[in-house]
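Engineer: Now for the letters of each chain:
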Amino acid sequence: MSLKSFMDDAYKGRTRAKRLETRRGEMVFSLEDLAERVGTKPSRSDVEALVPGDRTLIMQLLAPTQEPKKSHQMLWGYLSSIAADASPVPLKLAARDYAGLELRHGTLILEGTGHHLGERMSGGKIFVQGPAGDYLGQEMSGGGIVAQSCRDYALRNMRGGFAVLRGGARNYLGVGNYGGRIVLRGSCGERAGWLMRGGWLRIAGDAGDYLGLLMSGGKIVVRGQAGKRAGWRRKGGTIRARGYGQEAADGVLGLD
Amino acid sequence: MPDPRKKIAALIRSLEDLRLHVGRKDLSVGEENVNAQLYFPLANACLRGRAVLLYGGMGANKTTLVNLLGSSFLALDLDEVENLMVTGHPEQTEEKIIGFLDPRQWSREGSETSVLWTPWARSRWKLINEINRFPSGKQNLFLEILQKRKISYAGQIIEPGDTCYFATMNPEFSATYPMDEALLDRISVCVPAQQPDFLAGLALAEREKSVRELARSLPRFTPQEFDALPGLVASVRLSSRVELAILCLLRDFTLCERAPGYDKTQLSGARPSLGLCPGCHYYNNPESLCWQVDEGLSDRVRQDLRDFCRALAFLLNRDADVDVLRAVAPYVIWHRLTPVRSALERPPYYGARKLAFVSELVEKSINRTLNERSEMNLLFSQAVDGEIDTGKAVQELSAFDDPIARMDFIPALERMR
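Heads up: the sequence lines are chains A and B, in that order. Counted the way our numbering counts, the first sequence spans residues 225 to 480. Counted the way our numbering counts, the second sequence spans residues 130 to 546.
So here's chain A without its partners, still in its complex pose:
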């Protein structure tokens, strides 16, 4: 049998041409439409492969009249980063959950409050005009975040980059970090620098209880007063504070 007959037999006259890259730049009508094609938890590359080349269309997807559904929040987050990467000027958006997810370049100005802002970002800058929610800059490895304040678990598992918080932070700031720099101009709650393995945390106000709990590397400086049990079960790294509460661990240092 000739190769042509083999192919004819396989396709039985059904010929349809489609090219590998034709998915890029296809018309995407809504976040729901995008989610149908890539699923609700895709990687950034999945979204990038489908995202429209036309900036106006991305902006239409980013600014729906209603808040994105919970299952579409990550898609919205990826879109915000892709739009910021491509934008020659800082991009102003509402601070919805996951805004700036895996941001690589560009600048985002976020207005309002949202959770998971700047999560897994590796470059670029995010300015949050207002208080940020939980998980701000979680797992970031580069770039920078400036925010008014944040809630729990901010800047967790940070590997690089920097963050400046002009107000205070709630509990669990910089948990498990092994890189990056954090400057907090206000005070923070309990367990800041918990399990910290590297990086730098500077707190201008006071720190709550269990500062640097179980930390094994990195540097924490508190210009104000640390709570009780600072440096509890610390294995490495340094903690310096103006004063300490009860049961501070041996080896924590004072500030001149």
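Be aware that a few hints might be false.
[Unchecked claim] Here's a subset of chain A near chain B, in silico, CB distances under 7 Å, partners left out: (1) Leu-227; (2) Ala-234; (3) Tyr-235; (4) Lys-265; (5) Ser-267; (6) Asp-270; (7) Gln-284; (8) Asp-376.
[What the hints assert, rightly or not] Mimicking BS3-like on lysine-lysine, the simulated pairs with C-alpha atoms at most 30 Å apart in a straight line are: (9) Lys-228/A <-> Lys-483/B; (10) Lys-236/A <-> Lys-493/B; (11) Lys-493/B <-> Lys-293/A; (12) Lys-265/A <-> Lys-521/B; (13) Lys-228/A <-> Lys-154/B; (14) Lys-265/A <-> Lys-154/B; (15) Lys-265/A <-> Lys-483/B; (16) Lys-294/A <-> Lys-493/B; (17) Lys-483/B <-> Lys-493/B; (18) Lys-521/B <-> Lys-236/A.
Worth flagging that the hints you see were computed from the coordinates, not collected in a lab. Since the model is a prediction, treat every value here as computed from it, not as a measurement. C-beta atoms are modelled at their ideal positions from N, C-alpha and C, and glycine is treated no differently.
With the hints as your guide, set chain B onto chain A.
Structural biologist: Using the frame of chain A, we list chain B on its own:
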């Protein structure tokens, strides 16, 4: 001779009715759903010289199921079949596995070297139990046996004839050894053996007699019926669509723009997971398969896919069509590949659901071949058959952004010019 397929159907019913194997129907072939853990060993029993690996935790009915099937197909008692298997542990020696020199020969003058072969070596139903509890040296012994289909010891060779090979394996824990990649490549199919679910547990609780007693009630095959099975399977015809989908599937996994000769199996050291792909045209494109797995696929995979498609179609009494290929291919391929972590670790795979991940890749490749590659494939075939000018075909094919067009078709046509 009655139709052996009817006896196989009776065997499947008996296994369920006697509560000897009650598994969830996790393998979808078109509209039909069957249990993968049962149907792949059955398919292997209808073939010869292929190996099926059952992979799962302790007590998932891997060894017992294979022995029960052996008891039925070889018409032996379960005890006798159990004597045929070898079980892995670090103290197993070649002598215990395949045979040893007959000490009586030293007292006989002028006698030739004789080896006392073990029942396992002589058997045509070879089960290697807990294969990853054999150290790597012993694993190489099985590699040689699967490669040569014969066993040698002290210069003597035994050829047991066409054999069905089975193996079982636990997930990695303290007493296991890593599996040799070359040995894994010779395993035709790897099937996860899952613990019974809620309903299966209830059904198993109804079993009142011991497995040994119940095994005596299973249908038995005559040697003629058992020997006739490979011929019946070979008579199942594979359609051109399936043959084409298999060819493209292999090329989708094997082609790599950066590998010598575009052949990913040539890579050593540099791999997609070790940073080979950034900057490549196909990198991060979810439609391309090449960057998502480290290994290419060998030609053995093609043969295994063809054989198991035929065998499963024979068992289900249906055509060996693309639906059968969609069902079979993930189980033939997944144990031979290492997905890149960034792709496997994202939801819904979470780094743990490798079979599901490979199934998705297989689905993408087959769909692409059937729905999107027709024009380029027809163009290539016309050029090969001399119906159109090869130069013109190369020019037209270069507009197709497809790894097969770029790395297979165009170089082949350029060689023909």
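Engineer: If a hint holds in the structure, say so; if it doesn't, say that too.
Structural biologist: A quick look at each hint next to the structure:
| no. | hint | result |
| --- | --- | --- |
| 1 | Leu-227 | 4 Å, holds |
| 2 | Ala-234 | 4 Å, holds |
| 3 | Tyr-235 | 5 Å, holds |
| 4 | Lys-265 | 4 Å, holds |
| 5 | Ser-267 | 5 Å, holds |
| 6 | Asp-270 | 5 Å, holds |
| 7 | Gln-284 | 23 Å, violated |
| 8 | Asp-376 | 23 Å, violated |
| 9 | Lys-228/A <-> Lys-483/B | 37 Å, violated |
| 10 | Lys-236/A <-> Lys-493/B | 21 Å, holds |
| 11 | Lys-493/B <-> Lys-293/A | 28 Å, holds |
| 12 | Lys-265/A <-> Lys-521/B | 43 Å, violated |
| 13 | Lys-228/A <-> Lys-154/B | 39 Å, violated |
| 14 | Lys-265/A <-> Lys-154/B | 27 Å, holds |
| 15 | Lys-265/A <-> Lys-483/B | 17 Å, holds |
| 16 | Lys-294/A <-> Lys-493/B | 28 Å, holds |
| 17 | Lys-483/B <-> Lys-493/B | 15 Å, holds |
| 18 | Lys-521/B <-> Lys-236/A | 24 Å, holds |
The structure fails hints 7, 8, 9, 12, 13 (numbered hints given earlier, in ascending order).
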